[in-house]
Structure formats: C-alpha cells, structure tokens
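Spelled out from the first residue to the last, the chains are:
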Amino acid sequence: MKPKALSRLIEIANDPYGCLAELREKKRIIGSTLADVPEELIHAAGLHPFLILGTNNPLRHSSALLPDNACSLARSNLELVIGYQAAFFDGFVLAQVCDTTQHLCDIWKRKFPDHYFENFLAPRQVARASACAWYAEECRRMRSALERYTGQKITDEALWESFRLYNENRALLRRLYAIKQQAPGLMTNREFFDMVKACFCMDKAEHNRLLQEVVDWAERDKARFADQQGYFKVIMAGIVVEPPIIYDMIDQIKGNIIADTLCTASRYIYHDIELGSDPAEALADRHLCKPLFSPINADPERIYSDLLALYREAGAEAIFYCHIKYCESQDYDLPDIRARMREQGIPFLELETEYQTTRLSQMRTRVQAFCESMIKRRGIKR
Amino acid sequence: MSKQPGKQKQQASAHELSRQLTEAYLKDACAAREEGRYVAYTTAVSPVELFVAHDVIPVYPENHAAACLTKRMGTELSLAMEKKGYTSHLCAYARSDLGYRITGRSPRGGIPDPAFLLACNAQCFTLTKWFEVLSRKYQAPFFVFDTPQWIRDPGARKEIIRYCVRQLRELVAALERLTGKRYDYDRLAEVMACSQEASLLYRRFLDMAAYKPSPISIFDALINMAIIVYLRGTPQAVNYYQTLCAEVQSKADQGIGAVENEQFRLYWENLPIWFKFRDHFNLLKAYGANILTSLYVHAWSYEFDTTKDPLETLAENYCSVFSNRTLEDRAKMALDLFQRYSLNGSLMFVNRSCKAVSFAVYALKEIITEKTGTPALIFESDMGDPRFYSETQIRTRIEAFLETLQRRKAERD
Chain P
1 MKPKALSRLI EIANDPYGCL AELREKKRII GSTLADVPEE LIHAAGLHPF
51 LILGTNNPLR HSSALLPDNA CSLARSNLEL VIGYQAAFFD GFVLAQVCDT
101 TQHLCDIWKR KFPDHYFENF LAPRQVARAS ACAWYAEECR RMRSALERYT
151 GQKITDEALW ESFRLYNENR ALLRRLYAIK QQAPGLMTNR EFFDMVKACF
201 CMDKAEHNRL LQEVVDWAER DKARFADQQG YFKVIMAGIV VEPPIIYDMI
251 DQIKGNIIAD TLCTASRYIY HDIELGSDPA EALADRHLCK PLFSPINADP
301 ERIYSDLLAL YREAGAEAIF YCHIKYCESQ DYDLPDIRAR MREQGIPFLE
351 LETEYQTTRL SQMRTRVQAF CESMIKRRGI KR
Chain B
1 MSKQPGKQKQ QASAHELSRQ LTEAYLKDAC AAREEGRYVA YTTAVSPVEL
51 FVAHDVIPVY PENHAAACLT KRMGTELSLA MEKKGYTSHL CAYARSDLGY
101 RITGRSPRGG IPDPAFLLAC NAQCFTLTKW FEVLSRKYQA PFFVFDTPQW
151 IRDPGARKEI IRYCVRQLRE LVAALERLTG KRYDYDRLAE VMACSQEASL
201 LYRRFLDMAA YKPSPISIFD ALINMAIIVY LRGTPQAVNY YQTLCAEVQS
251 KADQGIGAVE NEQFRLYWEN LPIWFKFRDH FNLLKAYGAN ILTSLYVHAW
301 SYEFDTTKDP LETLAENYCS VFSNRTLEDR AKMALDLFQR YSLNGSLMFV
351 NRSCKAVSFA VYALKEIITE KTGTPALIFE SDMGDPRFYS ETQIRTRIEA
401 FLETLQRRKA ERD
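Going line by line, the protein sequences match chains P and B.
With my numbering, you'll find the first sequence wraps up at 382, consecutive numbering, no jumps.
With my numbering, you'll find the second sequence wraps up at 413, consecutive numbering, no jumps.
To be clear, the hints were calculated from the coordinates, so they are not data collected in a lab.
Mixed in with the good hints, there may be bad ones.
Derived SDA-like pairs (lysine to any residue); straight-line CA-CA distance at most 20 Å [claimed, not checked]:
| id | chain 1 | residue 1 | chain 2 | residue 2 |
| --- | --- | --- | --- | --- |
| 1 | P | Lys325 | B | Thr87 |
| 2 | B | Lys137 | P | Arg302 |
| 3 | B | Lys158 | P | Arg140 |
Work out the full structure: start from the sequences and follow the hints.
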C-alpha cells in the first residue's frame with residue numbers, strides 16, 4: 001500500500017494554492033519563475049520561495065498584455081498571478097532567460113508596483129569563465145537586495161544551512177528517481193513527477209520529511225515491482241511537461257520515464273552545492289556544472305549530443321519531446337534534433353502542448369499509435 | 001573593408017556613395033576567403049569594431065534577410081524552411097535566411113559562408129538560436145556576447161559592464177585563436193575613433209527630423225542606416241554620413257520636407273514592414289503625414305567615449321541599446337523623441353516576427369498615450385511575410401487613424 005506521504009505530496013502538487021494557504025501566515029512568499037533562480041538565497045533570507053508554474057485555467061487578463069505568440073508558460077504564469085492568485089505572493093524574483101521572459105519581467109513589475117520585485121539576470125552563455133563569475137555576482141546582488149527587503153542580514157551560516165537542506169532534498173529525489181527507474185510498477189510517472197513538483201512550492205523541510213517516508217516505503221517494496229516486462233524505457237525531453245495529463249498518457253501505454261532533461265526534474269535535482277567555499281561561488285559552481293540542457297551552449301551540437309548520450313547511458317528505447325508552442329528556443333532546436341534522431345534510428349515523438357491545450361484526445365491517439373509502433377518494432381511483450 | 005573608394009567617387013551623392021560602398025563591401029567579403037582572410041557572421045547590434053580592427057570581415061545575415069524581404073521573397077523562403085520542419089512563427093529574418101540556405105535564392109547573389117559567428121543578445125535572444133543553427137551547419141565556432149538587461153540599478157550596471165568587458169576579452173582571445181594573429185589594440189583605437197565619428201554623424205542625420213517640415217522620413221532613415229550597420233568603424237562610413245548630412249541639411253535649409261504640406265509628425269514603434277515600405281509612405285503622404293522616427297533606427301547612434309578603455313565603452317554602448325533596456329527606459333527614450341521631434345501620434349506595430357521589440361508594445365502604448373495625450377494605433381502583422389499582412393484591414397485602420405488625426409487637428413484649429 002502506498003504511503004500517505006505520497007498522497008499528500010500529490011495533493012499539494014495538484015492544488016498548491018489550496019493546500020498551502022497557511023504558508024502565508026508563517027512567512028512572506030516570494031514567487032519565482034523557471035529556471036535559474038537560486039531559491040536557497042530566498043530561503044536563507046527567512047522567506048518562502050515558491051516556483052510559479054502557470055495555470056491550466058483559461059486566460060482572461062494576460063492576453064491583453066502579451067501577444068498570443070508568447071509561449072503559454074509565460075502567458076499562463078502572468079495569468080496566474082494577476083487573475084487567480086494575486087493575493088498569494090508578497091514579492092517576486094523572476095529569471096530572464098529569453099526575450100519573452102525579459103519582457104515578462106517588465107510587464108509583471110508594472111502590474112505589481114507595490115510588491116517586492118527583483119530580476120535575476122542569469123548568464124545566457126554557460127561555457128566560459130565569465131559566466132561563472134557573473135552568476136556568483138548576481139547571487140551577491142540578490143543577497144543584498146533580499147537583505148534590504150527583509151531588513152535582516154543573511155548570514156553565511158544561514159546560507160550553508162539552506163544549502164544542506166536543499167542538498168538533502170535533491171538527494172532524496174535522486175534516490176527516488178533511481179528506485180523508480182528500477183521498479184516501474186512501484187509508482188507511476190505522474191506520481192513521481194508530481195512529488196518533484198510539490199517541492200517547488202512547499203516548505204523544504206516538510207517536503208524532505210514526506211519524501212523520506214516515501215523513499216523508505218519505496219526501498220522496502222521495490223523488489224516486488226522490479227519486473228520490467230511490458231514496460232518500455234523513455235527519455236522525457238523538454239522544459240516542462242504540461243498539462244500533467246501527458247504523464248498519465250505515458251503511464252497508460254506503460255512507458256517508464258527513466259531520465260529527462262526537464263527544468264522541473266533533472267535540471268533541478270541533479271548536482272548538489274558543495275559546502276565550504278564562498279556561498280555565491282558555490283551556487284555558481286552548481287549552476288554551471290548541473291546537467292546543462294541549457295537553451296544556449298558554446299557547442300551548438302549539445303542540443304542533440306547531450307540527449308543522445310542520455311539516451312544511450314540510460315538504455316532507453318524512445319524519446320518523448322515535450323514542445324511548448326511558441327517557445328523560441330525549442331522552435332529553433334527541434335528540426336535539427338529531430339533530424340539527428342531519425343538519422344540514428346531513435347524512436348522520437350514530439351508532443352506540442354500549451355498550458356490551455358484542448359486537443360488532448362488527439363495527443364492521446366498519437367501517443368498510443370507511437371506505442372503500437374514501438375511494440376512492433378522492438379517486439380516488446382505486453 | 002580594405003579598399004577605399006577613389007577620389008573622384010568622393011564627390012558622388014550619398015545615394016550613389018551608398019551603392020558603391022555596398023558593392024565594394026560585398027565584393028570584399030566574397031573575396032575574403034580566397035585572400036586568406038576570415039568572414040564572421042555577426043548581429044547588427046554587436047561590437048563589430050573588434051572584427052574590423054582585426055581584419056575579420058563582418059557579414060550580417062540580417063541585412064541580407066532584409067534585402068530578401070524587401071524584394072518580397074519572404075513567403076517563398078519561409079516555405080522552403082517550413083518544409084524542413086521549422087515553424088512559420090519564427091523571426092522573418094531567420095526564416096528568410098534559413099530558406100536562403102536551403103534554396104540558394106537571393107536578390108544579390110548571396111553572402112559568403114562564415115568562419116566564425118558572434119551573437120550579441122542585447123538585440124534579441126532569437127539571434128543566438130538562429131546563429132546556433134548556422135554554427136552547426138558550417139561547423140564554425142560560435143561566441144555569444146551575453147548582455148544582461150540594462151536594469152536601472154547603478155550598482156548592477158557597473159557589474160554588468162565588468163562582466164561584459166570580461167567577455168570581450170574572451171572574444172579577443174577567440175579571434176586571436178581564429179586568425180593566429182595577435183590583437184592590435186592601437187588599431188582598435190583607430191577603429192573606435194571612426195565608429196564614434198560615424199555614429200555622431202548618423203545621429204545628426206536622424207535628428208534632422210526635428211526640422212519643420214522634416215527633410216527626412218523614417219523610410220530615409222531605414223535606407224541610410226545600412227552603412228552604419230555594416231561599415232561601422234571604417235573611414236568610408238564617416239565620409240558617407242558627412243555627405244548625407246550635408247545633403248539633408250541643404251534640404252532643411254531650403255525648407256524642403258520629405259512630405260509636401262506636412263501636417264502630422266508620427267512615431268513608429270518596431271521594425272518596418274519591409275515589403276510595404278513604399279505603400280506606407282505613399283498612403284501617409286496622401287494625408288500629409290510623415291513618420292519621422294522610431295527607437296529602432298536610433299539603435300546605431302552610439303556614443304563611444306574614446307578616452308576610456310575601448311572594451312569598456314563598447315560594453316556600455318552595446319548593453320544599453322534600447323532593445324536591452326527596461327520598459328521604463330524604453331518609454332523614456334520614446335518620450336524624448338516625442339519632445340525633440342514634436343511628434344503628434346504613433347503607429348505601433350506588433351510584429352509577429354520580433355518578440356524582443358513587440359512584447360513591449362502594449363505597455364509602451366499605454367505609457368506614451370498617457371504621457372503625451374497623442375493618439376496611437378496598434379496593429380499586428382509580420383515584417384517580412386505577406387501571408388500575415390492583411391492588406392485591406394491594415395489600410396482601413398491606418399486611414400481611420402489618419403482621419404482621427406485630421407479631425408483632432410480641425411477641432412484644435
């Protein structure tokens with residue numbers, strides 16, 4: 001029987017604003033956006049970092065502020081804070097990673113003139129020494145800005161403590177991911193990725209506590225669910241997987257996601273912060289050594305070479321690529337990725353989605369058809 | 001650019017000079033590889049001075065793409081690219097360029113292949129991704145000059161400059177690796193002096209729009225900005241803008257306007273719709289309206305401080321270009337143009353091709369109309385692909401807007 005901790009994490013992932021309403025009474029809540037804001041700094045400042053992951057509900061306000069060719073993650077993030085959860089946040093730290101997010105910061109700030117607001121200017125090149133120095137400098141700037149906001153010094157000790165807490169969180173998630181990879185019947189893709197998602201919004205110590213319970217259960221029961229028969233191993237590529245029903249579709253066809261390039265999974269959970277050096281530099285080191293899967297690489301072939309390496313190392317049988325409509329980065333990468341995968345004979349399925357997507361039955365049919373072809377091609381026994 | 005136009009050519013008109021310079025520049029770029037020199041692709045807003053001083057020939061896929069779009073090749077080239085799996089909602093420059101790579105179709109014989117690519121993201125993020133595609137295609141090294149948004153915090157600006165200077169040193173090292181030649185900073189100082197002089201002259205030319213009637217329209221600005229984009233840092237560019245300024249000054253002195261009986265002086269937001277240049281000019285002219293300026297054409301009026309470390313003044317100028325500024329700063333810059341040029345209305349184009357500029361348009365319109373009390377028209381289309389240009393609808397809306405201006409003027413008079 002699955003532990004209650006698992007159900008609670010899933011409940012939070014699917015209704016974070018409902019489940020975590022009491023958070024507002026304990027701490028000021030600072031919303032941030034994907035993918036590079038160092039939450040540890042916000043946490044060490046005694047604030048509650050909360051990653052905003054949009055809404056699948058209808059857009060009513062953001063359409064008047066951003067054209068419809070802005071990616072739906074940006075539009076639905078804006079909609080969420082204006083139309084649905086305006087009262088939930090005390091401030092925002094938003095990352096700028098592309099033209100859309102750069103403008104989003106300006107529009108957002110204009111809409112919330114009374115809120116604390118900070119841009120986090122992550123480097124948009126990651127290969128040279130200057131990138132590491134810049135990331136560290138931005139962390140120092142953000143640390144000072146947060147201190148001004150709270151009126152409290154952020155001590156190095158508080159930072160190391162936060163780093164330890166976040167490292168523990170990452171280690172638990174990695175452990176759970178490893179068990180899931182080996183025991184596909186133990187939990188669904190949806191369950192695992194929901195548990196990861198919960199960590200973006202809830203109290204980290206509480207997440208660790210619940211996660212530990214789940215890991216203990218998983219360690220105990222994994223042997224019973226280790227049979228790989230009927231499953232095929234999948235890599236999930238992209239930035240985010242939305243709407244999450246896509247995970248259900250993959251579960252239905254018995255695809256076991258064993259690795260990914262998602263900002264909301266591997267990019268978040270791999271690589272710890274090394275303790276002991278300068279805190280800003282420690283954050284920068286983590287940022288630059290974590291799995292890159294970055295939209296910008298010095299070696300432009302990494303858009304597919306990283307994916308191919310992941311596919312081979314993991315022993316996967318197919319790649320699903322979740323393409324957010326109007327994401328420019330993905331729009332430019334996809335044709336070359338697709339061509340390279342075809343060339344290598346790798347089963348590759350693109351799923352074009354939007355947060356407000358309504359064409360789910362069409363997508364389901366495509367996923368099922370892809371699965372059928374996989375069964376024929378690889379002779380997978382069901 | 002190594003060849004200087006002959007003495008007799010210095011007497012030519014600005015128009016003729018532009019033609020000669022463009023021809024010589026393209027010839028030079030095409031011959032570079034055979035002559036053992038290097039061609040580097042770069043973005044229109046980038047520290048190209050570093051290339052010029054190192055005898056690396058800068059080539060601008062954007063300029064070539066704009067030429068394709070002006071010749072109404074946008075749809076044809078985009079379709080070729082779409083067949084390869086790209087979407088039709090990418091930047092029209094990128095679509096046109098990638099289409100050219102597939103078909104070889106070009107209005108002027110194409111452009112040479114790159115040995116190096118530099119993308120400066122002060123202009124946009126799109127360019128970095130587009131250049132990544134080209135870097136893969138040509139297996140040429142790719143350098144991203146990352147310019148964090150020029151936010152208003154003075155402390156942050158100082159650190160941004162430090163970061164950017166550090167990157168420019170990395171770029172110099174990359175150029176030394178490419179050519180095997182040691183970088184010559186004395187030569188860079190000479191190039192910077194030319195760049196500064198040409199930039200000031202270019203700004204002087206743009207500022208002649210303040211005359212009443214204005215001797216230039218934005219269409220003149222768009223045509224004459226080509227030289228500052230691709231010959232920045234050369235004496236030829238200085239000579240060209242001296243000639244141009246003298247010609248335009250003479251028109252201003254004689255009270256010759258770009259539009260007869262100038263009634264309305266308008267601001268344009270965004271890049272132009274390249275394939276509708278003439279049509280728009282004629283439509284507006286019929287109403288005595290002239291579009292005088294935009295933030296876009298001012299993107300190349302730099303102010304290099306030649307007493308500073310060249311890398312520092314390069315970083316300051318390229319980071320602070322309008323497209324890398326905050327919304328508040330952009331609005332401030334546009335309002336400054338309103339005041340200096342006595343503008344009385346805006347045509348605000350939401351360009352599906354250009355997210356970097358267009359996503360600010362709705363908020364900019366709010367600020368400009370609130371602060372100036374002048375009317376503004378927002379319309380959506382694409383700068384290069386006629387499939388996304390709704391002829392009748394846009395024409396009707398522009399006409400209705402111009403009639404509103406007429407009515408307001410009549411009420412005031």
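Structure-based check of each hint:
no.: 1; hint: P:Lys325 x B:Thr87; result: holds, 10 Å
no.: 2; hint: B:Lys137 x P:Arg302; result: holds, 14 Å
no.: 3; hint: B:Lys158 x P:Arg140; result: holds, 14 Å
When the structure is compared with the earlier hints, no violation turns up for any of them.
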